[in-house]
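Number of protein chains: 2
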Amino acid sequence: MQAKLTIDLDAICKNWRALDALSGQTVETAAVIKADAYGLGADVVGPALKTAGVKTFFVAQAEEGVVLRQAIGAGPRIFNFSGLMAGDAAALAEYDVIPVLNSAEQIAAFTGGPCAVQFDTGMNRLGMEPADAARLRDEITALAPELILSHLACADEPAHKMNAAQLAEFVAMTASFPKIKKSLSATGGVLLGGDFHFDITRPGIGLYGGLPFENAAPVVQLDLPVIQTREVKTGETVGYGNSWTAQKPSKIATVSGGYADGILRSAASASLFADDIACPVIGRISMDLITVDVSGLETVPPMLSLLNSVQTVDVLAGHAGTIGYEILTGLGARYKRRYIGGS
Amino acid sequence: MQAKLTIDLDAICKNWRALDALSGQTVETAAVIKADAYGLGADVVGPALKTAGVKTFFVAQAEEGVVLRQAIGAGPRIFNFSGLMAGDAAALAEYDVIPVLNSAEQIAAFTGGPCAVQFDTGMNRLGMEPADAARLRDEITALAPELILSHLACADEPAHKMNAAQLAEFVAMTASFPKIKKSLSATGGVLLGGDFHFDITRPGIGLYGGLPFENAAPVVQLDLPVIQTREVKTGETVGYGNSWTAQKPSKIATVSGGYADGILRSAASASLFADDIACPVIGRISMDLITVDVSGLETVPPMLSLLNSVQTVDVLAGHAGTIGYEILTGLGARYKRRYIGGS
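Those sequence lines, one after another, are chains X and H. One point on numbering: in numbering that gives the first Met the number 0, the residue at position 94 of the first sequence is 93, and numbering is uninterrupted. One point on numbering: in numbering that gives the first Met the number 0, the residue at position 250 of the second sequence is 249, and numbering is uninterrupted.
Bound conformation, chain X alone (with noise of 0.2 Å):
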């Protein structure tokens, strides 16, 4: 028996509306699908995306965007941020995935067709610098870029100054470009307001239920199958290392799932949940193997769950120290998926 993810299809496509409705009509929300749609499988939520209304897509690799194609079909555009790396070319014309030029490298190499171009607002990880943008104007212009596009590196704190400097800087940069749509925000900026909205917002996380988007709804449920439970007395010790030592009499159940699984090592102070009962997690996560306190429950059901409605994924991630983004993206391929709604 595997553990058993549940992903939302309709929880998802009505994210993306909602965020789609804080920005004005005149401003497209497209898609990010990157990283295998966050891990939820690009082929099954590109195709529910699409029908929902997306028009616009993002990926992060050559062969994502091919994967993408392949699964919704001619239509909507693709966008692939890592642009036109060596041996890219023929896979983007045949799939029809239009690269994000990222650097004059990149634009030199470039030998038609659509494109976007990147501009660096102040993150320096993808981009044309502004002086290489300045010197590039008529390349630039005479390419006829869909989209000129930049990335905010503190939009998930509202209050952060680099925020305005980059809108500053998107502004100041995308002057000499009036006839080209333009992009800044992901998720957080378009949870900064309409001034960062510009022709085309790009949400990702918000759409797979993840902050900063507060008023996601839940996209993932993960239940994991107990294999055998056991009594142990005061004093005895579970798993790796001896890590925990019953304080009493206890009941301890060992669910199928580990970090083979994506569960972080680290996240060993989650729970898992019967309903909406919490089970402790006791001692270490191991590959394929987590061991939980159920002395709590009067039965023990067949499936625990470790991602539900109270348990998401950011509250998983705050057990982890790290972000629900990597929750999400850590998924693994053991798990039996089954997707509901998205018809």
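You may find that some hints are simply not true.
For identical chains, the list gives no copy identity; a pair is met inside one copy or between any two copies.
[Claimed, not checked] Under the rule of at most 25 Å between Cα atoms (straight-line distance), these lysine-lysine pairs were calculated in the BS3-like manner:
id, residue 1, residue 2
1, K232, K250
2, K247, K160
3, K160, K232
4, K54, K178
5, K181, K160
6, K232, K247
7, K49, K180
8, K54, K181
Simulated from the structure, these hints should not be mistaken for lab results. In this text, all values refer to a predicted model and were calculated from it rather than measured experimentally.
Following the hints, position chain H against chain X.
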């Protein structure tokens, strides 16, 4: 262009032979290949180990047993550690996967055929308690299991008193089953010496180049492609949350790879390597991208290495605050995987 994960099948087979050589001629050395061969691909690693001489494999779930049987064909035994969970029986029988019965409930549900039995000697994770094992002695004997096994909780710490305690408990619990073969040790136990070897050892992590097998040959190399490079001035920030600030003029490379590829976000103190020159990761590891200070390089190569013979899985694990096992099993799906050797 995708990141490239190179997996050395010859090194895996060499590690198996080296671990096999540590036990006596009459001891069989099996191979643990659960969690998709610790992330390296059971469908490729399995056949290579079969060719090297492995006659017994262990997996963690029935579904993994099915995949492995399809890959290796008939012949070698495959044991499933999680035993017999609801719905497993048909697949186990059809694909000749032998359940490791872990509890009185699993024994009661078992309808016959080859099996193994797991005893709990103190880890309190999987396996029958001493009282159950004693009570069910006749039933267990009648099942004629191919193996009685248990698992050490602290084998990575040779001086831990738990090792001797579990050894004594295993000897005591199995004394009533003189004709049944016995197995106590994974990699750590193999290294504890002959008292721990019994009839069959079952190394896992050591095959894949990880601690506690200090003499293991390295198995994996991971190379990430450079998307672009840029110069930053003193005081410029890089990445999410402005978490890195240039202390002097620096050259920064942005590479394709991130926590969506299993490169733990907590590993931000690691380096990438151009041959043996370390280029420190700067700023946060993001979903698909990592930024690196390449100021020390005269020319930036097309790819930089995250895992190599210098920064092994255990060294990278140290940066991430975890163990090499989690680095291996987290290796992501977006890598282009290349296998070398193994014929």
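Tested hints:
no.	hint	in the structure
1	K232 <-> K250	within (9 Å within a copy, 59 Å between copies)
2	K247 <-> K160	between (52 Å within a copy, 23 Å between copies)
3	K160 <-> K232	between (55 Å within a copy, 19 Å between copies)
4	K54 <-> K178	within (20 Å within a copy, 68 Å between copies)
5	K181 <-> K160	within (21 Å within a copy, 65 Å between copies)
6	K232 <-> K247	within (7 Å within a copy, 60 Å between copies)
7	K49 <-> K180	within (21 Å within a copy, 58 Å between copies)
8	K54 <-> K181	within (16 Å within a copy, 61 Å between copies)
Going through the hint list in order, the structure satisfies each hint without exception.
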